[in-house]
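Undergrad: Spelled out, the chains give:
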Amino acid sequence: MDDKGKKFIVGIFEDEDILLKAITTVRDKGINIYEIYSPFPVHGIENKLGYKRSRLSIAAFCFGFLGTCLALIMMIGMMTLDWPMIIGGKDFLPFPVFIPVVFEMTVLLSAFGMVGTFLVVSNLKPWGNPKTFDLRSTDNKHIMAIQLDKNKMKKDSIEKLLKSSGASEINEKTMGI
Amino acid sequence: MHVESKIRKPLITGGKTLRDVSNDISARVEEKPSLSWLAALGVSLLTLGVGAYAVYRTLWDGIGMWGLNKTVGWAWDITNFVWWVGIGHAGTLISAILLLFRQRWRMSINRAAEAMTIFAVICAAMFPMLHMGRLWLGFYWALPLPNTYGSLWVNFASPLLWDVFAISTYFSVSLVFWYIGLIPDFATIRDRAKNAGRKISAFIYGTLSFGWDGAAKTWSRYETVSLVLAGLATPLVLSVHTIVSMDFATSVIPGWHTTIFPPYFVAGAIFSGFAMVLTLLIITRKVYKLEDYITVKHLELMNIVIIVTGSIVGIAYLTELFMAWYSGVEYEQYAFYNRVTGPYWWAYWSMMTCNVISPQLFWFKKIRTNIAATFIISIIVNIGMWFERFVIIVTSLHRDYLPSSWAMFYPTIYDVGMYLFSFGFFFTAYLLFSKYFPVINMHEVKSILKQTGEKVNKVK
Numbered sequence: 001m002d003d004k005g006k007k008f009i010v011g012i013f014e015d016e017d018i019l020l021k022a023i024t025t026v027r028d029k030g031i032n033i034y035e036i037y038s039p040f041p042v043h044g045i046e047n048k049l050g051y052k053r054s055r056l057s058i059a060a061f062c063f064g065f066l067g068t069c070l071a072l073i074m075m076i077g078m079m080t081l082d083w084p085m086i087i088g089g090k091d092f093l094p095f096p097v098f099i100p101v102v103f104e105m106t107v108l109l110s111a112f113g114m115v116g117t118f119l120v121v122s123n124l125k126p127w128g129n130p131k132t133f134d135l136r137s138t139d140n141k142h143i144m145a146i147q148l149d150k151n152k153m154k155k156d157s158i159e160k161l162l163k164s165s166g167a168s169e170i171n172e173k174t175m176g177i
Numbered sequence: 001m002h003v004e005s006k007i008r009k010p011l012i013t014g015g016k017t018l019r020d021v022s023n024d025i026s027a028r029v030e031e032k033p034s035l036s037w038l039a040a041l042g043v044s045l046l047t048l049g050v051g052a053y054a055v056y057r058t059l060w061d062g063i064g065m066w067g068l069n070k071t072v073g074w075a076w077d078i079t080n081f082v083w084w085v086g087i088g089h090a091g092t093l094i095s096a097i098l099l100l101f102r103q104r105w106r107m108s109i110n111r112a113a114e115a116m117t118i119f120a121v122i123c124a125a126m127f128p129m130l131h132m133g134r135l136w137l138g139f140y141w142a143l144p145l146p147n148t149y150g151s152l153w154v155n156f157a158s159p160l161l162w163d164v165f166a167i168s169t170y171f172s173v174s175l176v177f178w179y180i181g182l183i184p185d186f187a188t189i190r191d192r193a194k195n196a197g198r199k200i201s202a203f204i205y206g207t208l209s210f211g212w213d214g215a216a217k218t219w220s221r222y223e224t225v226s227l228v229l230a231g232l233a234t235p236l237v238l239s240v241h242t243i244v245s246m247d248f249a250t251s252v253i254p255g256w257h258t259t260i261f262p263p264y265f266v267a268g269a270i271f272s273g274f275a276m277v278l279t280l281l282i283i284t285r286k287v288y289k290l291e292d293y294i295t296v297k298h299l300e301l302m303n304i305v306i307i308v309t310g311s312i313v314g315i316a317y318l319t320e321l322f323m324a325w326y327s328g329v330e331y332e333q334y335a336f337y338n339r340v341t342g343p344y345w346w347a348y349w350s351m352m353t354c355n356v357i358s359p360q361l362f363w364f365k366k367i368r369t370n371i372a373a374t375f376i377i378s379i380i381v382n383i384g385m386w387f388e389r390f391v392i393i394v395t396s397l398h399r400d401y402l403p404s405s406w407a408m409f410y411p412t413i414y415d416v417g418m419y420l421f422s423f424g425f426f427f428t429a430y431l432l433f434s435k436y437f438p439v440i441n442m443h444e445v446k447s448i449l450k451q452t453g454e455k456v457n458k459v460k
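Chains Z and R, in that order, are what the protein sequence lines are.
Here the numbering used here is used: position 93 in the first sequence is 93, and no number is missing along the way.
Here the numbering used here is used: position 241 in the second sequence is 241, and no number is missing along the way.
Hints in this document: simulated from the structure, not taken from any laboratory.
Don't take each hint at face value.
Claimed, not checked - Pairs of lysine-lysine, BS3-like flavour, derived with a Cα cap of 30 Å: (1) 194(R) - 7(Z); (2) 217(R) - 29(Z); (3) 173(Z) - 70(R); (4) 154(Z) - 173(Z).
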């Protein structure tokens, strides 16, 4: 998303409980909140903002299942099909001895796949540029960013509403400059 | 909103605010290295250097440099391997299992404990790798790669190969778990550097922070990722030492061929891991003045974990003796009789004293809330756990079925050097971590300040 040159109103909140109430007030007035930036995860914020539950756990399951299949294909291919040998009097398809490696490969692919998906969908990468509305949002303040041209309401009334719902400071920010 | 009982002691003392947390932890990263840190790093690097000579001789001349013989084919190397892997169990246990159980006291200690886990697992992996002798061919022996020795693949029926998969999975998943937790804290340090106009550190921590901005959407995904990773890491952490124990338990050597090994090894691993976490954190909290974050309450809770796991280990020792007697198998009985009264009796009794008796002192509240006592016992426990592995490995091997091949194991200076090498690496890595990375998980501590900080408790 290219937000260069877009204008934002930035409300700064000190306390997460005031912030949660403010989100409801602001959204009830029909104002579109661009995003909230917090120094730590605030519980219940995704419901207030109307975000859907993350589907990353489904990704984890799919990658895990892939790991299970790959491990089985690898071991059956090597021990049963390509070069069968009698080891400790076991079968050529010794399923019980496959369990540890199947488990480890499942966990490995599941964890890496899910974390990789998370990094990709959240656009996190070493050369990534953070959207910084206020440097204090990784320190001690919660930031509510409202994009001006996405809202019909006037700037002054948005600011007034933020003030009355507990914002300690209200700034204006133009992105990317 | 979450409500805490009034009787609960605050987890973070000193009336800290969100800003205080950022300042207290980030300042350690931002300030110039202190003289004492440089001195400690110097000692660690020296140890690493001395150990590196032993590694060089081992690689150049072969593992004949070690004290192994035909009868005792596994001794210090595998003892050190199991010891380090065991130590590497606390970090992921603290961050994964305690997360699933919603234990908030994990938040002040998980970062350092996870770092310790990662370094300990690297130390552990060194030993079997160097034991392969020709390390550069190790890939073909340990990994299922196509090779020119015919189509002969690695043997998936061998627990040693399961170990390769278990330990490399454990290492990489722990590393990812640790790094994901670090990202928001790197962002805090990056923004502080930007604010103060320090361009180089803003760039370095900016790269490390992956462009994190703390958006609510990202936090929501982040929480899902941590929870699922914790769910994956919980069985993983239990599987690793289970599989390590199978290296022994699936053999037919008297003293090794036991079904109780998996739970017994896992309990022992958690026991030694917590002891090492205590040793490191007591020093770190003192040097970095983190008494408000890692309180005596935290140390006490860790000591309680040590009593529980130490008692499980004690019961396992007694069960082994009972089963050896009750089995009626002559060889099994001799293996244990030899352990207790044979030429290695001193190792057995050191293990018993350090692991079974010393943690029982923690039943006394005065002892488990005393920092000096905790520090000493944590070191004693780790000495005991080293002896446990030595006892299991060496005493089971040195007198086998054929009395004419009975032998003793005498370590050479190269065995000692290898052990020093792992210590040198471990402390060098931990020192670098504690200087350049935030030692306490800032964002998690911030998230509980409102519920368990001292200020809130006063208002209640």
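Undergrad: Determine which of the earlier numbered hints do not hold for this structure and return their numbers in increasing order.
TA: 3
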